[in-house]
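Visitor: Spelled out from the first residue to the last, the chains are:
Number of protein chains: 2
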Amino acid sequence: MTRTEPAGLPLGDDFHLYDTTLRDGAQREGISYSVGDKLAVARLLDELGVGFIEGGWPGALPKDTEFFARAASGELILKHAALVAFGSTRKAGVQAAEDKQVRALLDAQAPVVTLVAKSDRRHIERALRVDVDEACAMVRDTVAFLVGEGRRVFLDAEHFFDGYAFDPDTSLRVLDAAATAGADVVVLCDTNGGRLPLGLAETVREVSERTGFRLGIHCQDDTSCAVANSIAAVQAGATHVQCTANGYGERAGNADLFAVTGNLVTKLGMSVLPTGAEAELTRVSHALAEIANIAPDTHQAYVGASAFAHKAGLHASAIKVDPLLYNHIDPSSVGNDMRVLVTEMAGRASLELKGRELGVDLAGRPEALTNAVGKIKRLEAEGWSFEAADASLELLLRREVDGPVAPPFTLESYRVVLDHRSDGEVISEATVKVHVGGERVIATAEGNGPVHALDAALRKALSPSLSWLDSVELADYKVRILPGHPGTDAVTRVLVNSGDGDSEWTTVGVHGNIVEASWLALCDALVHKSLRV
Amino acid sequence: MTRTEPAGLPLGDDFHLYDTTLRDGAQREGISYSVGDKLAVARLLDELGVGFIEGGWPGALPKDTEFFARAASGELILKHAALVAFGSTRKAGVQAAEDKQVRALLDAQAPVVTLVAKSDRRHIERALRVDVDEACAMVRDTVAFLVGEGRRVFLDAEHFFDGYAFDPDTSLRVLDAAATAGADVVVLCDTNGGRLPLGLAETVREVSERTGFRLGIHCQDDTSCAVANSIAAVQAGATHVQCTANGYGERAGNADLFAVTGNLVTKLGMSVLPTGAEAELTRVSHALAEIANIAPDTHQAYVGASAFAHKAGLHASAIKVDPLLYNHIDPSSVGNDMRVLVTEMAGRASLELKGRELGVDLAGRPEALTNAVGKIKRLEAEGWSFEAADASLELLLRREVDGPVAPPFTLESYRVVLDHRSDGEVISEATVKVHVGGERVIATAEGNGPVHALDAALRKALSPSLSWLDSVELADYKVRILPGHPGTDAVTRVLVNSGDGDSEWTTVGVHGNIVEASWLALCDALVHKSLRV
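Chains A and B are the protein sequences, given in the same order. For the first sequence, full-length UniProt numbering gives the first residue as 1, with consecutive numbering after it. For the second sequence, full-length UniProt numbering gives the first residue as 1, with consecutive numbering after it.
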């Protein structure tokens with residue numbers, strides 16, 4: 001194997017956008033990537049154009065070992081990024097070439113290796129239980145061995161900032177051991193995440209001046225400053241920044257790749273992604289949340305669904321004048337949208353604006369607008385929320401403007417029976433009685449749960465009459481239990497996301513009974529589709 | 001009404017911790033406070049000891065008008081905080097004393113008024129549509145009028161940083177109009193949230209030097225730097241910082257009160273809360289999330305449930321040496337806990353530590369430990385998660401250590417019937433057949449949903465035999481739909497939080513059928529309780 005070309009092409013090697021979602025991000029509570037998930041994450045990050053993708057810790061975690069093996073076997077073809085294997089330096093008292101973990105790093109066949117080493121004297125002496133000389137030798141030997149084997153090597157200097165504050169000489173000796181042995185970048189890590197930007201920037205500048213080494217930065221979010229600290233470090237001279245998608249990571253998490261990238265590009269004017277790739281930030285962020293199986297943070301900077309959503313009446317009327325007066329950037333530059341929210345605070349002006357967005361003209365219809373505002377307020381008091389359910393909102397507005405919307409069918413009744421039998425089997429069966437195309441139809445179906453069974457029975461009853469029904473799929477289904485106010489029962493709010501291949505739409509249902517709430521959302525989804533066929 | 005004493009006692013007036021959860025925070029998508037909610041929020045913030053509580057915008061929002069009326073009538077007694085009414089300056093071409101909105105600010109009877117005024121020339125000319133002279137007169141007149149009426153007045157200089165970058169003279173003239181008319185603090189607002197710490201700190205320092213005014217800071221989180229920007233502004237000389245609980249607010253939100261306070265106290269060594277109140281940060285944060293009806297952010301700095309949770313095997317073994325080597329502060333200082341997480345990444349050392357936390361000794365039981373690790377891995381692959389379900393985990397570990405746990409009852413079968421009748425009524429009915437105390441019992445009950453009916457039927461069947469059952473209540477119920485892997489069906493994960501007045505415990509159930517998943521979690525909850533009676 002020959003030494004890899006400088007990675008991060010086509011942007012060159014001057015600045016490194018380095019992602020560690022697959023290693024440090026995977027330490028977030030609740031994340032558990034399969035090897036397939038890891039390959040999918042790496043492909044998305046490469047599509048976005050990050051320079052380095054840290055894939056995991058081969059030799060320490062079996063899944064990570066398998067990930068590198070499958071990547072090397074051709075399952076992962078990277079266009080922009082270099083793949084990085086992460087691991088620790090040799091153990092005390094062993095030769096690097098003989099160390100099993102170090103060998104696993106070589107076996108992973110990644111062109112880049114990032115080694116982690118303790119750079120705080122207290123950690124060296126109390127957790128690692130060696131003296132500083134041996135700690136430096138462990139770094140020096142391992143870096144030199146891997147460089148000799150043709151790898152590009154970065155060093156993560158763990159607990160650097162705390163260590164430097166406690167005993168700067170030890171911390172600098174660790175950096176020096178790595179750099180003189182051939183490490184290209186020494187990465188200053190705020191491992192416990194306790195730092196603030198002004199002080200951290202000062203330390204980065206000082207270390208840069210004292211050592212002249214190429215510096216990287218790795219921040220945790222325990223002071224809620226991981227993004228700010230990363231940016232401040234870049235402003236102070238770091239040219240390599242380690243992030244995770246959506247800030248996933250242990251405890252409060254890491255620096256969010258999307259916020260860091262958004263800031264570097266739109267605030268500092270840096271080119272850290274291939275041309276035009278910024279417009280993919282929102283999509284990639286949401287896709288990575290999907291794979292991690294974590295609901296996207298709607299209020300995430302740059303890429304959150306609410307990041308450019310305006311609710312206050314104050315703003316909504318002024319936004320008509322010039323959207324850029326009220327947004328820090330053009331939302332489309334990061335692939336996001338400006339949205340106007342429907343809530344009791346927004347009032348008539350916002351609802352009119354929202355209606356226009358949904359294709360319902362309320363401009364000349366003051367009475368319809370008044371009725372719609374009143375109805376929304378009443379429903380919101382009962383637990384409904386239209387902020388994420390545009391399709392249900394559109395139906396509500398249409399009913400005020402055009403009168404009753406003819407539904408494609410009407411319900412007479414349904415019954416769902418759930419049986420946990422004495423043999424342990426659980427069965428869900430639903431029967432619907434509906435009127436469609438002038439006929440009364442009864443249909444029964446089974447499903448793996450009550451809502452699935454109900455959906456199946458309804459489709460069975462309707463599809464002979466409604467030819468478009470087969471194209472409609474239930475894409476996503478969310479349930480939220482809303483605690484009742486004192487003296488009232490809890491209600492359940494269900495959001496149903498439907499798709500037909502061309503578009504997606506979301507509907508909402510609220511009821512004390514989860515199945516009835518789901519039914520209401522399912523019906524709205526079909527009525528919404530029927531208006532478009 | 002006489003002018004209020006300096007607020008923020010017993011801390012004096014040198015530094016203002018100013019909360020705007022009830023006004024700016026309420027603009028977060030999804031939040032809709034009732035007046036009762038607002039009073040509860042204000043009481044919690046006062047308990048924590050913030051200096052100022054901005055209650056809303058009287059005269060503009062009916063709920064806010066009512067909030068101030070009820071507060072003034074004696075429903076809100078504040079120990080530490082001064083209540084603040086927020087509003088805009090007089091309209092163009094009217095006298096302040098004649099302006100309806102300004103009168104509403106007086107009528108609110110709050111001792112402090114915060115006025116918002118545009119301080120960006122583009123906003124003055126294009127949104128407000130007046131010239132800079134009139135904009136300054138609007139500020140000057142309104143401040144002078146309110147001060148003359150005995151109010152303490154602060155000025156929120158909206159869009160200050162963008163305005164100052166575009167045309168510093170206009171922005172400074174607006175500050176000057178307020179300060180010379182008697183405003184105590186001029187608050188520099190990063191309204192669009194587009195700023196970064198190093199540049200923002202420079203501007204704050206420059207404005208402080210050029211004007212000598214007492215400066216405040218108000219940051220939005222659009223660059224994910226609201227907390228960092230607020231802290232940087234304080235380091236640059238601001239002595240008044242506006243935050244919202246948990247960072248609630250429009251778009252990406254505001255600076256999080258808890259992270260800002262945590263940083264000011266533990267990093268800058270400032271006393272911004274009454275003695276000992278820092279230890280209430282976690283509790284108050286979670287209580288305010290409850291009232292806002294937003295799931296607490298588990299990864300929030302300082303106060304999140306995961307803020308001090310360690311998952312990586314690397315750390316878990318080292319934590320035994322000294323917890324402070326791996327936490328940036330002592331978690332108990334902010335009322336939080338260190339937790340050890342159970343996941344496939346953590347391995348044996350963490351599970352042993354976790355067992356000790358739960359009272360199950362795995363130290364001398366290597367085989368039980370191996371079996372438990374294997375079982376957890378298998379279950380996690382099926383969608384189970386024990387990270388939030390300590391009671392279910394304890395049962396799992398006990399079964400490995402002590403053998404089968406005798407359940408207080410066994411199930412033969414259950415049936416749930418949901419009827420949406422032709423008259424529109426929806427009925428849920430459940431029948432259970434169980435064996436308890438040597439007898440076979442059949443019971444049927446109704447509920448407002450399938451799980452409620454099942455819970456009711458089970459209680460009806462068991463309570464004659466199990467005297468402790470009546471004390472157990474289902475306190476919270478959460479549902480998560482987990483998308484299936486390609487080719488598999490989605491499964492539902494249910495978390496049930498139970499309580500008996502003395503303690504609370506959480507159990508988990510996973511199944512393709514939501515009712516069966518709920519059943520599994522309910523059963524674990526009762527078995528867990530039965531081990532303690």
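Errors might be hidden in some of the hints.
One copy or two, it doesn't matter: identical chains are merged, so the pair holds either way.
Claimed, not checked - Computed cross-link-like contacts, BS3-like style, restricted to lysine-lysine with a CA-CA straight-line distance of at most 25 angstroms: (1) Lys-478 / Lys-91; (2) Lys-63 / Lys-377; (3) Lys-433 / Lys-377; (4) Lys-79 / Lys-478; (5) Lys-375 / Lys-63; (6) Lys-267 / Lys-377; (7) Lys-100 / Lys-478; (8) Lys-433 / Lys-375; (9) Lys-460 / Lys-433; (10) Lys-375 / Lys-91; (11) Lys-91 / Lys-433; (12) Lys-79 / Lys-63; (13) Lys-375 / Lys-478; (14) Lys-91 / Lys-377; (15) Lys-63 / Lys-91; (16) Lys-267 / Lys-100.
Hints listed in this document are in silico derivations from the structure and should not be mistaken for laboratory results. Since this is a predicted model, take the numbers as computed values, not measurements.
Visitor: Could you run down the list of hints and mark each one as holding or not?
Guide: Right, here's what the structure says about each hint:
1. Taking CA atoms no more than 25 angstroms apart as the test, Lys-478 paired with Lys-91 passes in neither setting, with 48 angstroms inside one copy and 45 angstroms between copies.
2. Taking CA atoms no more than 25 angstroms apart as the test, Lys-63 paired with Lys-377 passes between copies only; the shortest distance there is 13 angstroms, against 51 angstroms inside one copy.
3. Within a single copy, Lys-433 and Lys-377 get their C-alpha atoms no closer than 33 angstroms, and across copies no closer than 44 angstroms, so neither meets the 25 angstroms cut-off.
4. Taking identical chains as interchangeable, the C-alpha atoms of Lys-79 and Lys-478 are never at most 25 angstroms apart, the minima being 36 angstroms within one chain and 42 angstroms between chains.
5. Taking identical chains as interchangeable, the C-alpha atoms of Lys-375 and Lys-63 lie at most 25 angstroms apart only when they sit on different chains, with a minimum of 18 angstroms there against 53 angstroms within one chain.
6. For the homomeric pair Lys-267 and Lys-377, neither the shortest alpha-carbon distance inside one copy (39 angstroms) nor that between copies (44 angstroms) is at most 25 angstroms.
7. Taking CA atoms no more than 25 angstroms apart as the test, Lys-100 paired with Lys-478 passes in neither setting, with 46 angstroms inside one copy and 45 angstroms between copies.
8. In the homo-oligomer, the alpha carbons of Lys-433 and Lys-375 never lie at most 25 angstroms apart, since the shortest distance is 29 angstroms inside one protomer and 45 angstroms across protomers.
9. When the C-alpha separation of Lys-460 and Lys-433 is checked against a cutoff of 25 angstroms, the pair qualifies only within one copy, where the shortest distance is 11 angstroms, while the shortest distance between copies is 33 angstroms.
10. Within a single copy, Lys-375 and Lys-91 get their C-alpha atoms no closer than 68 angstroms, and across copies no closer than 32 angstroms, so neither meets the 25 angstroms cut-off.
11. With identical chains, the CA atoms of Lys-91 and Lys-433 are never at most 25 angstroms apart, being 71 angstroms at best within one copy and 60 angstroms at best between copies.
12. In this homomeric assembly, Lys-79 and Lys-63 come within 25 angstroms of each other (Cα to Cα) only inside a single copy, at 23 angstroms, whereas the closest approach across copies is 56 angstroms.
13. Taking identical chains as interchangeable, the C-alpha atoms of Lys-375 and Lys-478 lie at most 25 angstroms apart only when both belong to the same chain, with a minimum of 24 angstroms there against 28 angstroms between chains.
14. For the homomeric pair Lys-91 and Lys-377, neither the shortest alpha-carbon distance inside one copy (65 angstroms) nor that between copies (29 angstroms) is at most 25 angstroms.
15. Proximity of Lys-63 and Lys-91 under a CA criterion of 25 angstroms is satisfied intra-copy only: 22 angstroms inside one chain copy versus 65 angstroms between copies.
16. For the identical chains of this complex, Lys-267 and Lys-100 are neighbours neither inside a copy (45 angstroms) nor across copies (41 angstroms), given an alpha-carbon limit of 25 angstroms.
When each numbered hint is compared with the structure, violations occur for hints 1, 3, 4, 6, 7, 8, 10, 11, 14, 16.
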